[in-house]
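For the record, the sequence lines run as chains A and B.
Mapped onto my numbering, the consecutive letters of the first sequence carry residue numbers 44 to 250.
Mapped onto my numbering, the consecutive letters of the second sequence carry residue numbers 562 to 737.
In case anyone wonders, no lab produced these hints; they're calculated from the structure.
Virtual Cβ for every residue (Gly too), placed ideally from N, Cα, C.
The reader is advised that the hints may include incorrect statements.
In silico DMTMM-like cross-links for lysine to aspartate or glutamate, where the CA-CA straight-line distance does not exceed 25 Å [said to hold, decoys possible]:
#1 B:Lys703 <-> A:Asp170
#2 B:Lys576 <-> B:Glu672
#3 A:Lys176 <-> B:Glu563
#4 A:Lys205 <-> B:Glu672
#5 A:Lys97 <-> A:Glu110
#6 A:Lys195 <-> B:Glu672
#7 A:Lys141 <-> A:Glu175
#8 B:Lys703 <-> B:Glu565
#9 B:Lys703 <-> A:Glu175
#10 A:Lys141 <-> A:Asp170
#11 B:Lys669 <-> A:Asp113
#12 A:Lys141 <-> A:Glu101
#13 B:Lys669 <-> A:Glu101
#14 B:Lys576 <-> B:Glu565
#15 A:Lys176 <-> B:Glu565
#16 A:Lys176 <-> B:Glu672
#17 A:Lys103 <-> A:Asp113
Quick partial rundown of chain B residues pointing at chain A, CB under 8 Å, derived from the structure [stated by the list, open to error]:
#18 Gly600
#19 Met602
#20 Thr632
#21 Ala664
#22 Gly684
#23 Ala711
#24 Leu725
#25 Gly733
Covered by chain B, per the in silico footprint, the following chain A stretches (three or more residues, Cβ under 8 Å) [stated by the list, open to error]:
#26 115–129
#27 233–243
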Amino acid sequence: MTEDKRKLPKKKLNHSDSGEKSGSRLYWQMFMTFVRIGSFTIGGGYAMIPLIQKEVVENKKWMDAREFIDMLAMAQSAPGVIAINTAIFIGYKMKGLKGSLVTTLGSALPSFIIILAVAMVFTNFRDNVVVEKIFRGIRPAVVALIAAPLYKMARSAGVTWKTVFIPILAVLLIWLAGVSPIWIVLAAIAGGIIYGALHARNLSKSI
Amino acid sequence: MEAEIYIQLFLSFFKIGLFGFGGGYAIISLIQHEIEVHGWMTQSEFTDIIAISQMTPGPIGINSATYVGYTASGTVLGSIIATFAIVLPSFLIMLTLVRFFFALQGNKYLEWAFLGLRPAVIGLIGAAAILLMNRDNFIDYKSFIIFLLAFLLSFTGKFHPILLILMAGVAGFVIY
């Protein structure tokens, strides 16, 4: 049974032409769905994922749950903004390149407009005494928000006592030596592949 | 000279989109680096953007690109270019991945790469946090108290980030 389900998305993966008649209406629907998702998910990209799932899988039935999970894994392992990666994939799956342009534009547009408005206004108010007071309180809290999930994230990333040197080394290189995080990413990819190649036999046993 | 800022914005955010593995907080580290190299804004200004990102809709990467693009160039065009540039690599990569999705599933080189990437991404986020713990953001002992309280409340996972930011804002207004 699982075999069948695995094969299903393969056929569907190339965008279908079934909705050709109602083409422009579907594009509009896709656009508005992602505008809605982009407008109501406060708190970053991860907040968008459950809403995308609800809209695309449950409400609109544009793809099935299994497909969505597979796609999400891919969107998360690719670089870039994960919510945007997800939108690109769904758009492509439905209507090819044009579809992915529509969904990407839809999901990015609300935050673009809102932040642009904030940037225009905030630059004038930044020196305001009240605003400055409020942000003096907010800044340390933001740092805490970034630091607090690290432990849990490290655990779910599978960091052990043997591999904890990797994040520590990355921190030291970026913090004290001013190394660009890009070099850390490239070194991590190279290191992972070299390690994998050297320990291929042991790894295949453990995975 | 005017065109130069646009080219810099495009290249910086293209790089951020291309190498920003791990999403959200991990991308902060890359943006932070580019901002510092180009001197586009202070670290405390960047911290404010992160706070604003948490309180407004949309992904942090898009929010930062739009904001930095606008403030660095002073024009709407700058924010369009930066936002476009951070999305472009996603486009190219996702459209390639879709074609080879099944060939890549379970690819050993890809799996091995993530053996290194997963722990490294934790390091990127850690570095972002440490770099934000500077004199601009931590001006006195009260800052550390706010940090500790927010850290503990956030660690329990019971408080929504927006609530914590609002509480910290109120605290800031009262004590400063």
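Checked hints:
1. B:Lys703 <-> A:Asp170: Holds, at about 21 Å.
2. B:Lys576 <-> B:Glu672: OK: Lys576 (chain B) and Glu672 (chain B) at ~23 Å, within 25 Å.
3. A:Lys176 <-> B:Glu563: violated (35 Å)
4. A:Lys205 <-> B:Glu672: At roughly 18 Å apart (the allowed maximum being 25 Å), Glu672 (chain B) and Lys205 (chain A) satisfy the hint.
5. A:Lys97 <-> A:Glu110: holds (14 Å)
6. A:Lys195 <-> B:Glu672: Cα-Cα ~22 Å, so holds.
7. A:Lys141 <-> A:Glu175: Given pair Lys141 (chain A), Glu175 (chain A) is violated - Cα atoms ~44 Å apart, limit 25 Å.
8. B:Lys703 <-> B:Glu565: Violated, at about 41 Å.
9. B:Lys703 <-> A:Glu175: holds (15 Å)
10. A:Lys141 <-> A:Asp170: Roughly 44 Å separates the two Cα atoms, so the pair is violated.
11. B:Lys669 <-> A:Asp113: holds (17 Å)
12. A:Lys141 <-> A:Glu101: holds (23 Å)
13. B:Lys669 <-> A:Glu101: Violated - the C-alpha atoms of Glu101 (chain A) and Lys669 (chain B) are around 33 Å apart, more than 25 Å.
14. B:Lys576 <-> B:Glu565: holds (17 Å)
15. A:Lys176 <-> B:Glu565: This hinted pair is violated, its Cα atoms lying about 36 Å apart.
16. A:Lys176 <-> B:Glu672: Roughly 47 Å between the alpha carbons, so the hint for Lys176 (chain A) and Glu672 (chain B) is violated.
17. A:Lys103 <-> A:Asp113: It holds: about 18 Å lies between the C-alpha atoms, which stays within 25 Å.
18. Gly600: At about 14 Å, which exceeds the 8 Å cut-off, the nearest Cβ of chain A leaves the hint on Gly600 (chain B) violated.
19. Met602: violated (10 Å)
20. Thr632: holds (6 Å)
21. Ala664: Violated, about 11 Å.
22. Gly684: It holds, given that the least Cβ distance between Gly684 (chain B) and chain A is near 3 Å, below 8 Å.
23. Ala711: This hint holds: Ala711 (chain B) lies near chain A, its Cβ roughly 4 Å from the closest one there, short of 8 Å.
24. Leu725: Given a least distance of 6 Å, the restraint on Leu725 (chain B) holds.
25. Gly733: Cβ of Gly733 (chain B) sits 2 Å from chain A, so the hint holds.
26. 115–129: Coverage by chain B holds here, the residue count being 12 at a Cβ distance below 8 Å.
27. 233–243: Holds: 8 residues of the region 233–243 of chain A have a Cβ under 8 Å from chain B.
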